[in-house]
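Enquirer: Following the hints, position chain B against chain A.
There are 2 protein chains.
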Amino acid sequence: MEPYSLTATQAVAKFKDGSLTVENYAKSLLSRIDQRDSAVKGWVYLDRDYVIEQARALDRIPHANRGPLHGVGVAVKDVIYTKDMPTQFNSPIYEGDAPKVDAASITILRQAGALILGKTTTTEFASTLRGGPTCNPHDLKRTPGGSSSGSGAVVGDLQAPIALGTQTGGSTIRPASFNGIYALKPTWNSISREGQKMYSLILDTIGFFARSVEDLELLVDVFALEDDESPPQEPFSVKRAKFAVLKSPMWSQAGPGTVAAMEVGAKLLRDHGAEVEEIELPAEFDKMQEWHETVMHSDGRPTFLPEYQVAKDKLQAFLVGHVENEKRLTRAEQLKAFDGIAALRPRIDEIAGKYTAIITPSVRDVAPLGLDSTGSAVFNSMWTGLHTPVVNIPGFKGEDGMPIGLSLVAPRYRDRHLLAASKAVGDIWEQKGGWKRTV
Amino acid sequence: MEPYSLTATQAVAKFKDGSLTVENYAKSLLSRIDQRDSAVKGWVYLDRDYVIEQARALDRIPHANRGPLHGVGVAVKDVIYTKDMPTQFNSPIYEGDAPKVDAASITILRQAGALILGKTTTTEFASTLRGGPTCNPHDLKRTPGGSSSGSGAVVGDLQAPIALGTQTGGSTIRPASFNGIYALKPTWNSISREGQKMYSLILDTIGFFARSVEDLELLVDVFALEDDESPPQEPFSVKRAKFAVLKSPMWSQAGPGTVAAMEVGAKLLRDHGAEVEEIELPAEFDKMQEWHETVMHSDGRPTFLPEYQVAKDKLQAFLVGHVENEKRLTRAEQLKAFDGIAALRPRIDEIAGKYTAIITPSVRDVAPLGLDSTGSAVFNSMWTGLHTPVVNIPGFKGEDGMPIGLSLVAPRYRDRHLLAASKAVGDIWEQKGGWKRTV
Numbered sequence: 001m002e003p004y005s006l007t008a009t010q011a012v013a014k015f016k017d018g019s020l021t022v023e024n025y026a027k028s029l030l031s032r033i034d035q036r037d038s039a040v041k042g043w044v045y046l047d048r049d050y051v052i053e054q055a056r057a058l059d060r061i062p063h064a065n066r067g068p069l070h071g072v073g074v075a076v077k078d079v080i081y082t083k084d085m086p087t088q089f090n091s092p093i094y095e096g097d098a099p100k101v102d103a104a105s106i107t108i109l110r111q112a113g114a115l116i117l118g119k120t121t122t123t124e125f126a127s128t129l130r131g132g133p134t135c136n137p138h139d140l141k142r143t144p145g146g147s148s149s150g151s152g153a154v155v156g157d158l159q160a161p162i163a164l165g166t167q168t169g170g171s172t173i174r175p176a177s178f179n180g181i182y183a184l185k186p187t188w189n190s191i192s193r194e195g196q197k198m199y200s201l202i203l204d205t206i207g208f209f210a211r212s213v214e215d216l217e218l219l220v221d222v223f224a225l226e227d228d229e230s231p232p233q234e235p236f237s238v239k240r241a242k243f244a245v246l247k248s249p250m251w252s253q254a255g256p257g258t259v260a261a262m263e264v265g266a267k268l269l270r271d272h273g274a275e276v277e278e279i280e281l282p283a284e285f286d287k288m289q290e291w292h293e294t295v296m297h298s299d300g301r302p303t304f305l306p307e308y309q310v311a312k313d314k315l316q317a318f319l320v321g322h323v324e325n326e327k328r329l330t331r332a333e334q335l336k337a338f339d340g341i342a343a344l345r346p347r348i349d350e351i352a353g354k355y356t357a358i359i360t361p362s363v364r365d366v367a368p369l370g371l372d373s374t375g376s377a378v379f380n381s382m383w384t385g386l387h388t389p390v391v392n393i394p395g396f397k398g399e400d401g402m403p404i405g406l407s408l409v410a411p412r413y414r415d416r417h418l419l420a421a422s423k424a425v426g427d428i429w430e431q432k433g434g435w436k437r438t439v
Numbered sequence: 001m002e003p004y005s006l007t008a009t010q011a012v013a014k015f016k017d018g019s020l021t022v023e024n025y026a027k028s029l030l031s032r033i034d035q036r037d038s039a040v041k042g043w044v045y046l047d048r049d050y051v052i053e054q055a056r057a058l059d060r061i062p063h064a065n066r067g068p069l070h071g072v073g074v075a076v077k078d079v080i081y082t083k084d085m086p087t088q089f090n091s092p093i094y095e096g097d098a099p100k101v102d103a104a105s106i107t108i109l110r111q112a113g114a115l116i117l118g119k120t121t122t123t124e125f126a127s128t129l130r131g132g133p134t135c136n137p138h139d140l141k142r143t144p145g146g147s148s149s150g151s152g153a154v155v156g157d158l159q160a161p162i163a164l165g166t167q168t169g170g171s172t173i174r175p176a177s178f179n180g181i182y183a184l185k186p187t188w189n190s191i192s193r194e195g196q197k198m199y200s201l202i203l204d205t206i207g208f209f210a211r212s213v214e215d216l217e218l219l220v221d222v223f224a225l226e227d228d229e230s231p232p233q234e235p236f237s238v239k240r241a242k243f244a245v246l247k248s249p250m251w252s253q254a255g256p257g258t259v260a261a262m263e264v265g266a267k268l269l270r271d272h273g274a275e276v277e278e279i280e281l282p283a284e285f286d287k288m289q290e291w292h293e294t295v296m297h298s299d300g301r302p303t304f305l306p307e308y309q310v311a312k313d314k315l316q317a318f319l320v321g322h323v324e325n326e327k328r329l330t331r332a333e334q335l336k337a338f339d340g341i342a343a344l345r346p347r348i349d350e351i352a353g354k355y356t357a358i359i360t361p362s363v364r365d366v367a368p369l370g371l372d373s374t375g376s377a378v379f380n381s382m383w384t385g386l387h388t389p390v391v392n393i394p395g396f397k398g399e400d401g402m403p404i405g406l407s408l409v410a411p412r413y414r415d416r417h418l419l420a421a422s423k424a425v426g427d428i429w430e431q432k433g434g435w436k437r438t439v
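Chains A and B supply the protein sequences, listed in that same order.
Going by the UniProt record's numbering, the first residue of the first sequence is number 1, and it counts up by one from there.
Going by the UniProt record's numbering, the first residue of the second sequence is number 1, and it counts up by one from there.
Excised from the complex, chain A in its bound form:
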């Protein structure tokens, strides 16, 4: 097994028992990147010599002083500040910009010993659907999703075990599904977003990509994320657990891949002794999609005003439209949407709290052909607005053998419980869902 294909948890074990140095691990990752980057194009910045230098410095740290993420390679979406690398937001306005400041998430990762590898592609300001140049590693003719395009692609392609993304609509969960990997969108504001470029304050959430739930747990440990009660010590068993299947108000947009995954996923859990109940949300949730869009567009108005004033011509028309309030959204409409979503948060906590998790689509279907658009967030934006934690679990197969995942959703601040359940569910779906990693 090449070191580059290790999960973070596996790599950490090898650093601990001395069977792998961070330098050799880094070299393996770089060789994978050298081999694949010209096809996948997931990175916007990566300094090979600097990565090796950092790896060597980590190797010199005595075992007793090593952090929980010692040596783990992390790819960072290029909307998150890194003090030693450029941060450019895929915007010509910020070309070459490299302020010496670390985002809160980066400070915490470095403090835990992570090896920050480089910066990954994003759609402009993580705020548009316009894709490129990154390709889906499972089929280069398809989008890797967005806006965390590079982060999803490089983890799916074994070029990094962990990546940071963000989500305002579906920018973490969608690329996770398209690239056949796990992702966690944690409870809103449970992890500091300081130093992460803003789109909508009330929606933007950091996101983590990984190839195992253990790796996501390693991350939430480092970020000190705690539920009110810790999940039980013994491994979660699907047997006698109770899941809700929610087709969501957007179900008419689900393609055959997602329809099949929902059926297979539910059946597999039932076969393993779980109770799986189909639920529908009360009618007031039907507004969520519209409200989410209203909040996002309204919030984009002050957010992109600086760039608009400095260089309107270098800003995508979609974002110019936010600043100019192209949709003619009134303050009254904006507040109705903002307050309407707020009122539904305790409602969804109550509904989701009756189950281990809600199972719901992550995407319309497999990654669409073409790189121009990063796909649709219709199945994600409700959960972003509701602030609930969401885990994408891979395992299903759609058109042309492409991966497809499903979302598991829990009430706010039940992230640890959700991860514990995701591990058991993921084991089943990855083994029997029909999709096998081939890259």
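Misleading hints may appear alongside valid ones.
Identical chains blur together in the list; that is why a pair holds if it fits in one copy or across any two.
[Said to hold, decoys possible] The calculated DSS-like cross-link candidates involving lysine-lysine, where the alpha carbons are at most 25 Å apart (straight line), are:
| id | residue 1 | residue 2 |
| --- | --- | --- |
| 1 | 242 | 267 |
| 2 | 100 | 83 |
| 3 | 354 | 336 |
| 4 | 327 | 312 |
These are calculated hints, taken from the structure and not from any lab test.
Expert: Below, chain B without anything else, positioned relative to chain A:
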């Protein structure tokens, strides 16, 4: 009249008619600062040569290309990034730190032609009550308030016409009252907080200090802040306007200065033909103070985790307490507070929407003696949580001739209407409220 004593609006007029150059204006401000800074101590960073250099560059811009804030001196609270000056948060962890990045607010101000003078004192991360070294210009033995200590003091002391602050509890409105000046805490998220150090996402709001309402209007113009309908063109008249007087659930904490100001303020408006009605809030608002505190402390937990991990020993005990969840707040309590406040926002909009503005205390009383504590935010934190715009209007006199102000509050996104009313109210209170500026 010395140029340093001009309001922004007055200075702009002089730049326009050619009777004052930005360079001479800057020199006048610097002479005022030279004369007073050793007493007031409001600045943490100010490079005199650089200010002059910037002023000269502004003078070279042809009239046709000048922005609406051309040449106006702006002081910036040191929790807001400026690419050409250090940003240190009054934290030993960030001593000497100077990342080359401008906050959104700074980009917009520069684009409008403002002359960024320097950085002003703040309590640690704008998140504690521990004061010093800044003194109140009206009595050096008293606090200027906080956390925007320097911004309030330098505007009150004629060292700058405009300053940027922030408010999470009462960090803008309180120092405005203590220093005898105007301030606007705009509707939450109506102006981008990008590049402003975070404490609590849902509470933190930028704040503006000035010595006239016209100056605040000049600023909200630049920040493109719009209500659903523009206020009427003709000047607002107090006559036949309808105000609510709200003593607030914290009234028992009001001192004699505030009690008198509320009486005098209401009487003056009645004398000018306004209808002034005393109101009380429904009982559910009694929880606001507790909920605000719960949200602030809970949000401080992820916010200060990076600093805690990097250098816990260099972090104030109060903030260490946030990260360690000293108050043992549960997620359930946190969410109850977060959702509870959210549910009250449309309620307060409805109540406040019946009036031109709600008149309510800005502070317990005049600035307390001593520099150790920056005073109490009990009369402000409710409005911060409710996201409403608040204007502090000076004009009243308390103990030892110290200034005292009152707050005018309007529904969310009625900032322009609130400012229009504040101008008329301020004219009356400044003329007849009993306090006259002497510095």
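Enquirer: Against this structure, judge whether each hint is valid.
Expert: Right, here's what the structure says about each hint:
1. Taking the closest pair of Cα atoms, residue 242 and residue 267 come within 25 Å of each other only inside a single copy of the chain (13 Å); across copies the shortest separation is 64 Å, beyond that limit.
2. In this homomeric assembly, residue 100 and residue 83 come within 25 Å of each other (Cα to Cα) both inside a single copy, at 4 Å, and across copies, at 10 Å.
3. In this homomeric assembly, residue 354 and residue 336 come within 25 Å of each other (Cα to Cα) only across copies, at 18 Å, whereas the closest approach inside a single copy is 28 Å.
4. For the identical chains of this complex, residue 327 and residue 312 are intra-copy neighbours only, at 18 Å inside a copy versus 47 Å across copies, given an alpha-carbon limit of 25 Å.
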